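Peer 1: Sequence:
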Amino acid sequence: MKKLLLIVCTVVLLTLFLSGSFGSTPSSYTKTDEFTINGSKKTVKSVWTDLKDPTIRVEEVLANGRVGAVDSLKDIANSVDDADSTVLAAINGTFFNAYADLQPSGTLQVKGEMVHISNSGSVFGVDGDNQCVIQPLYVNIEGSINGSWVWPNNWGAWNINHVITNPSSIVIFTPDFGTKTSVHTMTSIVVDKNIVTQIVQGQATIPANGFVVVLGGPGEISKFKVGDTVEYKLSYFEDTNDSTNHTDTEISWENMRSSVGAGPTLLLDKEIVLDAEAEGFTEPKIIMNRAGRSFIGVTDQNVLVMGVVSNVNMAELAQITQLMGLKDAMNLDGGASSGLLFKNNYIQQPGRELSNALVIKQYTKRPLRVLLNEQELFFDVDPMIDTSNRTLVPMRKIFEALGATVSWNNATQMIVAQRDGTIIELKTNSNVAIVNGQEITLDSAVIVKENRSLVPVRFIT
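Basically our numbering = 1-based index in the sequence shown + 49.
Among the hints, a few may not be true.
To be verified - Below, computed lysine to aspartate or glutamate pairings styled on EDC-like, alpha-carbon distance capped at 16 Å:
hint, residue 1, residue 2
1, K160, D429
2, K334, E365
3, K123, E108
4, K392, D178
Note that these hints are calculated values from the structure, not bench results. Please read all numbers here as calculations on a predicted model, not as lab measurements.
Sequences and hints are given; from them, build the entire structure.
Peer 2: Laid out in structure tokens, this is it:
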């Protein structure tokens, strides 16, 4: 066990919650309001959700589970329905190229992972405590080769999971884009478990546990060799909304679970702050035309409000959100994309399929949350408590956060984690772990849930 603790010397804190109801009133409900704006009556339909309820979770959800696909708002919402939770509501999310390649235009963060970046407009984010932020956000992507983050081994990327149109761009493709990169004629650096396994021309297969760096500049291409260790990290800054620059003000975004970028921002601290052009919007349909609009906001009591309204311009929408008593509010995609769902019924049905949506879920029990070094870890499969009242957590995310590599040994049918000479082997449906050849009995068997291996939390604390 001493060898094992060398890997997990950083304490993993697990926040446990008991089941139980939250108050006597529904956590989510609908409203219809009428306001007279510039002499014209406007009807606003909205869903109000109390984010103080710890069984509520806000999820950014991709159509068909990947960037660059589309589906109906109802099907996007129902794709995250499961035995442990119920979908309460959903609203359309960021702008996307509805008549071309279906690529989103805004920043998207799913279960803690940035899957697309915009660096223009505004971003609405929700953290693990259900605290909301609206922020002009710039996401910077830095890469390293063989552990060096400085010249000549450093590199940077322009975006994540975006179809390449500029041959000088560097784009990272992850499994959130699908099984292959977009079609291109540039160079693909295939990275599996942080090791370069291939360097190929054109479209490449994206490893399930890795990513592909697509680039065109000869100087950058020559940096990469098969066998190199390649990593990347994100940092967050206050955006200047010109797509290339940011302020020196670094922003803490690591604890955000879900984010959607759109804009412009309508309200901050109950004051109208609308400035669409300053956020990089130039099209008349955003700046001054009237159209169907969707918006998201929050009250000073941490109640999330998602709403739709027809035939308003952006200035009128800002006035409406202020009259509704919101503290902060942001515009979402509108027009034919504008749609709102409550308990699987359309309040307003979009006129087309959508790229993504913000979905409100309510769990039957308060979800388990894992903290590592005071930073919350988010998983694509949630931790759980088994029938023996043992807490199980997804193994790969925690071990990789601790610097271990995780792989599958097909010959032995075992999961293998390695770091600094320590090797841990685990088998699903078995309560025996092998640490450097020595068997250790676990207090619960390793199980598989939705293709993820979960291990007893006591094994890694």
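Peer 1: Take the hints in turn and mark each one as holding or not.
Peer 2: Hint by hint, here is what the structure shows:
For the hint linking K160 to D429, the alpha-carbon distance of about 6 Å falls within 16 Å, and the restraint holds. Taking the CA atoms of K334 and E365, the gap is near 13 Å; set against the 16 Å cutoff, the hint holds. Our distance criterion of 16 Å between C-alpha atoms is met by K123 and E108, whose separation comes to about 14 Å. Under the criterion of a C-alpha separation no larger than 16 Å, the hint pairing K392 with D178 is inconsistent with the structure, at around 23 Å.
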